[in-house]
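Chains as they are written, first to last, in our numbering: chain A, 1163 to 1643; chain B, 5 to 97.
These are computed hints drawn from the structure, not numbers from a lab.
Among the hints, erroneous ones may be present.
[Claimed, not checked] Listed below are the simulated BS3-like cross-link pairs for lysine-lysine, each with C-alpha atoms no more than 25 Å apart in a straight line: (1) A:Lys-1333 with B:Lys-28; (2) A:Lys-1630 with A:Lys-1546; (3) A:Lys-1184 with A:Lys-1631; (4) A:Lys-1514 with A:Lys-1630; (5) A:Lys-1332 with A:Lys-1468; (6) A:Lys-1596 with B:Lys-95; (7) A:Lys-1546 with A:Lys-1594; (8) B:Lys-95 with A:Lys-1594; (9) B:Lys-95 with A:Lys-1468; (10) A:Lys-1271 with A:Lys-1188; (11) A:Lys-1546 with A:Lys-1188; (12) A:Lys-1184 with B:Lys-28; (13) B:Lys-95 with A:Lys-1514; (14) B:Lys-28 with A:Lys-1190; (15) A:Lys-1630 with B:Lys-97; (16) B:Lys-28 with A:Lys-1514; (17) A:Lys-1333 with A:Lys-1514; (18) A:Lys-1630 with B:Lys-28; (19) A:Lys-1514 with A:Lys-1596; (20) A:Lys-1468 with A:Lys-1546; (21) A:Lys-1514 with A:Lys-1594; (22) A:Lys-1190 with A:Lys-1333; (23) A:Lys-1468 with B:Lys-97; (24) A:Lys-1594 with A:Lys-1190; (25) B:Lys-97 with A:Lys-1184; (26) A:Lys-1468 with A:Lys-1514; (27) B:Lys-95 with A:Lys-1546; (28) A:Lys-1594 with B:Lys-28; (29) A:Lys-1596 with B:Lys-28; (30) B:Lys-95 with A:Lys-1188; (31) B:Lys-28 with B:Lys-95; (32) B:Lys-97 with B:Lys-28.
Now for the letters of each chain:
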Amino acid sequence: MNPSIVSFVYLVAGILFILGIKGLTKPKTAVRGNRLSALGMLVAVVITLLDSSIVNYNYIIAGVLVGGLIGAVMALRIQMTSMPQMVALLNGFGGGASLTIALAEYYSKLGSAPESFAALLNPVAADANAFGVGAEGTIAVVAIGLTVLIGAVTLTGSFVAFAKLQELMKKSYGLPGGPTGNGIFLLCALAAVVFLALNPGNSVAMVSIVGLALLLGLFLVMPIGGADMPVVIALLNSYSGIAAALAGFILGNTVLIVAGSLVGTSGLILTQIMCVAMNRSLANVLFGKMAATGEVVDADEIYAGKVTSAQPDEVALMLEVAQRVVIVPGYGMAMAQAQHAVRELADAMEAKGVEVEYGIHPVAGRMPGHMNVLLAEAEVPYDKLMEMDRINPTFEDTDVVIVIGANDVTNPMARDVEGSPIYGMPILNVDKAKNVIVIKRSLSPGFAGLPNPLFAMDHTLMVYGDGKKAVIEMTTALNQA
Amino acid sequence: MEILILLLALFVLSLFLGVELITKVPPTLHTPLMSGTNAVSGITLVGALLAAGSGSSPVLVNILGFIAVTLATINVVGGYLVTNRMLAMFKRK
């Protein structure tokens, strides 16, 4: 196949990826966008298969069959609540693919591969120009080294993130010395990249980079708590894209560079959005613990004698006469499997002429946009799902807010109490509404470990118990009213 | 060297394009965006195919290529299918 034609087809594939992501800017065009993107992938793969350097199809057919089967089974069987785990795994596989491509390219250019494990540690007398002449050769080796480094960190880091999300790993371990230990590890890996660039034939250096980077991925993510995983998977998403773009530099392949950099920026922007929503810097998420400073607030002092509770049928009476109700869901709602029940309550209210909307905090789910997917699955129309900045000005004109399974993201201390550990975190201003219903098992604190003065306000009613059961009782009472 | 500069230019311009595009994706679609970009990063399949199918190199290259093809195909097939499954659930009233 003529290289110009191949390059031209790669350009077409790149355009289709861009149009695909552009389609994702509106829910209406999103499905079509995803298909355009998939078409771009098909076009790129088909033109590559026609490449004359491919002489052996056995490994390709085997890989496509195994990978396709695993991918399809994962995609069709995964529960929507487990979507963060799936994305974590896909991030890891993306990093692993870039890692193995870079290694393959290294041994292919070297022209010889180790025959045994012992030979793996023997430096090869490489042709001085195996990777290119002069500076070009050095740059090529550096690109290979960096791809291996980022790819391997993404691979193991993502598997740890998966284990944390799946609650297989509950404790947080880390290197002694914390960030300093990780920094030393990173410097060692970078030193190995430099050494490899100076001695391209030294596969000991290559093996060291792989080993150090695999360990670094583990050590970077292991100390990070489960509540911070949304930030971590967004960041690893970005790494997998950067690794793909770097692999594009190794192969001189334009479509890898375009696609990889789009993925890289996407992950970085989502990381940034999550950090802002949690009011924490990236460095604080990666290396710090949740701020333990700030005034200690005594829960008893805030709650004592001021908390009012209500039964679901009493709430139904309030909902019946309301004009506008906003539902504020948190991950607790998904854990109680109450999405469908909540949508049925919303349907019952709308049947009585009540205007219902949902207020979604950016960190309401376990990953960016997770809550929206969970509600879409329960057939809540997407135009009812309002992001924080759009719903906040409307709370003053809202008769009833129903908070279900959410806590910290409604805590007015984040807005009003300057000494509070969560001060400055953007919240949903549900306390501005005329009445607030909080459905919760008890007054226990959320991830931040703080009491929530919202629960003790005069216009707040607590409905204790299982979220799903309480919502179903409200719906029944409302339908009978 | 000139090719490297051209590739670098492509990389930098794609980063800027990425920022412009991604900032316009509404929060409602951020999860499909992540799984969709997982699928797009499966474009490494292109490089993996070349490694897995190469004839003249050591067998290790083919084996590494096979692993790369498998991993990248999981991303492509899994990423696009699951994104499609999610997006199909987003409906207007």
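Here's how the hints hold up against the structure:
A distance of roughly 37 Å separates the Cα atoms of Lys-1333 (chain A) and Lys-28 (chain B); the hinted pair therefore is violated under the 25 Å criterion. Pair hint Lys-1630 (chain A) plus Lys-1546 (chain A) holds up; C-alpha atoms about 20 Å apart against a cutoff of 25 Å. Distance hint between Lys-1184 (chain A) and Lys-1631 (chain A) is unfulfilled; the C-alpha atoms sit about 41 Å from each other, more than 25 Å. A hinted pair counts as satisfied when its Cα atoms are at most 25 Å apart, and Lys-1514 (chain A) with Lys-1630 (chain A) qualifies at roughly 21 Å.
Note on Lys-1332 (chain A) and Lys-1468 (chain A): the hinted pairing is violated, with a Cα-Cα distance of about 36 Å set against a maximum of 25 Å. The hinted pair formed by Lys-1596 (chain A) and Lys-95 (chain B) fails the criterion: a straight-line CA distance of about 30 Å is larger than 25 Å. Of the pairs offered as hints, the one joining Lys-1546 (chain A) and Lys-1594 (chain A) holds, with about 20 Å between alpha carbons and a cut-off of 25 Å not exceeded. As the CA atoms of Lys-95 (chain B) and Lys-1594 (chain A) are separated by approximately 30 Å, the hinted pair breaks the 25 Å bound.
As the CA atoms of Lys-95 (chain B) and Lys-1468 (chain A) are separated by approximately 42 Å, the hinted pair breaks the 25 Å bound. The hinted pair formed by Lys-1271 (chain A) and Lys-1188 (chain A) fails the criterion: a straight-line CA distance of about 45 Å is larger than 25 Å. At roughly 14 Å between alpha-carbon atoms, Lys-1546 (chain A) and Lys-1188 (chain A) fall within 25 Å of each other, so this suggested pair holds. This hinted pair checks out: Lys-1184 (chain A) and Lys-28 (chain B) have alpha carbons roughly 8 Å apart, not beyond 25 Å.
For the given pair, Lys-95 (chain B) sits about 22 Å from Lys-1514 (chain A) by alpha-carbon distance, which is consistent with the 25 Å threshold. Between Lys-28 (chain B) and Lys-1190 (chain A) the alpha-carbon distance is near 14 Å, which keeps this suggested pair within the 25 Å criterion. A distance of roughly 24 Å separates the Cα atoms of Lys-1630 (chain A) and Lys-97 (chain B); the hinted pair therefore holds under the 25 Å criterion. For the proposed pair Lys-28 (chain B) and Lys-1514 (chain A), the alpha carbon gap of about 36 Å is over 25 Å, so the pair is violated.
With a C-alpha separation of about 48 Å, the suggested pairing of Lys-1333 (chain A) with Lys-1514 (chain A) is violated against the 25 Å cut-off. For a cut-off of 25 Å, the pair hint linking Lys-1630 (chain A) to Lys-28 (chain B) is broken: about 35 Å separates their Cα positions. Taking the CA atoms of Lys-1514 (chain A) and Lys-1596 (chain A), the gap is about 19 Å. The hint holds against a cut of 25 Å. For the proposed pair Lys-1468 (chain A) and Lys-1546 (chain A), the alpha carbon gap of about 33 Å is over 25 Å, so the pair is violated.
Only pairs whose Cα atoms come within 25 Å are accepted, and Lys-1514 (chain A) paired with Lys-1594 (chain A) is accepted, the gap being roughly 24 Å. With a C-alpha separation of about 42 Å, the suggested pairing of Lys-1190 (chain A) with Lys-1333 (chain A) is violated against the 25 Å cut-off. Distance restraint check for Lys-1468 (chain A) and Lys-97 (chain B): the Cα-Cα separation of roughly 40 Å exceeds the 25 Å cut-off, and the hinted pair is therefore not satisfied. As the CA atoms of Lys-1594 (chain A) and Lys-1190 (chain A) are separated by approximately 33 Å, the hinted pair breaks the 25 Å bound.
In summary, the hint linking Lys-97 (chain B) to Lys-1184 (chain A) is supported, as the alpha carbons are separated by about 23 Å, within the 25 Å threshold. Restraint check: the Cα-Cα separation between Lys-1468 (chain A) and Lys-1514 (chain A) comes to about 32 Å, which exceeds 25 Å; the hinted pair is violated. Simply put, Lys-95 (chain B) and Lys-1546 (chain A) have alpha-carbon atoms about 10 Å apart, close enough for the 25 Å limit, and the pair holds. For a cut-off of 25 Å, the pair hint linking Lys-1594 (chain A) to Lys-28 (chain B) is broken: about 30 Å separates their Cα positions.
Pair hint Lys-1596 (chain A) plus Lys-28 (chain B) does not hold up; C-alpha atoms about 34 Å apart against a cutoff of 25 Å. The suggested pairing of Lys-95 (chain B) with Lys-1188 (chain A) holds, with an alpha-carbon distance near 12 Å, which does not exceed 25 Å. The hinted pair formed by Lys-28 (chain B) and Lys-95 (chain B) meets the criterion: a straight-line CA distance of about 20 Å does not exceed 25 Å. Distance hint between Lys-97 (chain B) and Lys-28 (chain B) is fulfilled; the C-alpha atoms sit about 23 Å from each other, no more than 25 Å.
Hints 1, 3, 5, 6, 8, 9, 10, 16, 17, 18, 20, 22, 23, 24, 26, 28, 29 from the list above are not met by this structure, while the remaining hints are.
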